[in-house]
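Asker: In terms of mature numbering (1 follows the signal peptide of the UniProt record, and there is no 0), the sequence shown is residues -18 to -1, 1 to 210.
Calculated from the structure, these hints are not laboratory results. A quick note: this is a predicted structure, and the numbers were derived from the prediction, not measured. Worth double-checking, as some hints may not be accurate.
With a straight-line Cα cutoff of 30 Å, these simulated DSS-like cross-link-like pairs (lysine-lysine) come out [claimed, not checked]:
| id | residue 1 | residue 2 |
| --- | --- | --- |
| 1 | Lys120 | Lys184 |
| 2 | Lys148 | Lys161 |
| 3 | Lys120 | Lys152 |
| 4 | Lys37 | Lys184 |
| 5 | Lys148 | Lys80 |
| 6 | Lys148 | Lys120 |
| 7 | Lys37 | Lys80 |
| 8 | Lys120 | Lys161 |
| 9 | Lys120 | Lys37 |
| 10 | Lys148 | Lys184 |
| 11 | Lys80 | Lys120 |
| 12 | Lys152 | Lys80 |
| 13 | Lys161 | Lys80 |
Ranges of calculated distance between the beta carbons of each label pair, as one might list FRET restraints [claimed, not checked]:
| id | residue 1 | residue 2 | range |
| --- | --- | --- | --- |
| 14 | Asn66 | Asn11 | 35 to 45 Å |
| 15 | Lys184 | Lys161 | 36 to 46 Å |
| 16 | Arg130 | Gln15 | 38 to 48 Å |
| 17 | Met156 | Gly115 | 21 to 31 Å |
| 18 | Gln67 | Lys161 | 39 to 49 Å |
Quick reminder that beta carbons are idealized off the backbone N, C-alpha and C, glycines included.
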Amino acid sequence: MKPTMIASLILGSLMAMSAAATKLITPTNYLWQSLPALELAQIIPSQFGEWTEEKNLSSAVINPQTEASLQKIYTQTLSRTYVNQAGERIMLSIAYGKDQSDAVQVHYPEVCYPAQGFQVTSNRLGVLATASGSIPVKRLETNLSNQRYEPVTYWTTVGDAVITDKTSKKIAEMRYGMKGLIPDGLLFRVSSIDTDSTHAFKTQESFVSMLSTALASDSKHRIMGLAQ
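Using the sequences and the hints given, assemble the complete structure.
Answerer: Here it is in structure tokens:
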């Protein structure tokens, strides 16, 4: 047999083996199928701590994408405005997707806000403290034409892991992939209209902390990544 033919046969065998191995390690099962249904409207209370949903202002929540694109990416979305006795308002937005593979992912506020004409003047990592533990978050300072100032606190999850960058996202995906699972995930965002970002972030932290206390243990784990 000619050397070139032998080389071709070896190369062909290696390619076939590689394709078979890729098929074997490619996740095919969805994590959400083994978990209780996540019904955001039922899980997130309309009243907790000092906060009460203000239903007639739900339209004030910024939707960084059109309804059509939201339906393609997310399985569920929840948008609410809450108010406390001091008249402070927090806009809450949660977007949940059953598939957090590379093809279908949450879309981040630092991308979506500029698409609506906002400027992002600050983007930094932070830690949000709750009675059940700390949540790694991102905090953005945004404004629309220097008129609407909207500080934003958000985090995303892949499965039960809170992530803040592409590296941690890939690690979480690999962890599930080794189990043959495609993880679900969500984006949790709170924002408020406030020219004082320090005050806004403090109020947002208090809001999330009170919400964490009101959530059931399993819901807190899935939505906030906090220990059960």
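Asker: Run every hint past the structure and note whether it holds.
Answerer: Here's how the hints hold up against the structure:
Restraint check for Lys120 and Lys184: the C-alpha separation of about 14 Å stays at or below 30 Å, so the hint holds. The straight-line distance between the Cα atoms of Lys148 and Lys161 is roughly 20 Å, inside the 30 Å bound, and the hint therefore holds. Straight-line distance between C-alpha atoms of Lys120 and Lys152 comes to about 18 Å, which keeps the hinted pair within the 30 Å bound. Among the hinted pairs, Lys37 with Lys184 is consistent with the structure: their alpha-carbon atoms are about 23 Å apart, no more than 30 Å.
Using a Cα cut-off of 30 Å, the hinted pair Lys148 and Lys80 holds, with the two alpha carbons roughly 19 Å apart. Distance hint between Lys148 and Lys120 is fulfilled; the C-alpha atoms sit about 13 Å from each other, no more than 30 Å. Note on Lys37 and Lys80: the hinted pairing holds, with a Cα-Cα distance of about 27 Å set against a maximum of 30 Å. Taking the CA atoms of Lys120 and Lys161, the gap is near 29 Å; set against the 30 Å cutoff, the hint holds.
The suggested pairing of Lys120 with Lys37 holds, with an alpha-carbon distance near 27 Å, which does not exceed 30 Å. Between the alpha carbons of Lys148 and Lys184 the distance comes to roughly 27 Å, so the proposed pair stays at or under 30 Å and holds. With a C-alpha separation of about 23 Å, the suggested pairing of Lys80 with Lys120 holds against the 30 Å cut-off. Only pairs whose Cα atoms come within 30 Å are accepted, and Lys152 paired with Lys80 is accepted, the gap being roughly 17 Å.
For the hint pairing Lys161 with Lys80, the CA-to-CA distance comes to about 17 Å; that is within 30 Å, so the pair holds. Between Asn66 and Asn11 the beta carbons are some 43 Å apart, a value that agrees with the proposed interval 35 to 45 Å. Between Lys184 and Lys161 the Cβ separation comes to about 39 Å, which falls inside the hinted range of 36 to 46 Å. Taking the beta carbon of each, Arg130 and Gln15 are about 41 Å apart, inside 38 to 48 Å as hinted.
The hinted window of 21 to 31 Å between Met156 and Gly115 holds, with their beta carbons roughly 24 Å apart. At roughly 47 Å, the beta-carbon separation of Gln67 and Lys161 lies within the given 39 to 49 Å, and the hint holds.
The structure fails none of the hints (numbered hints given earlier).
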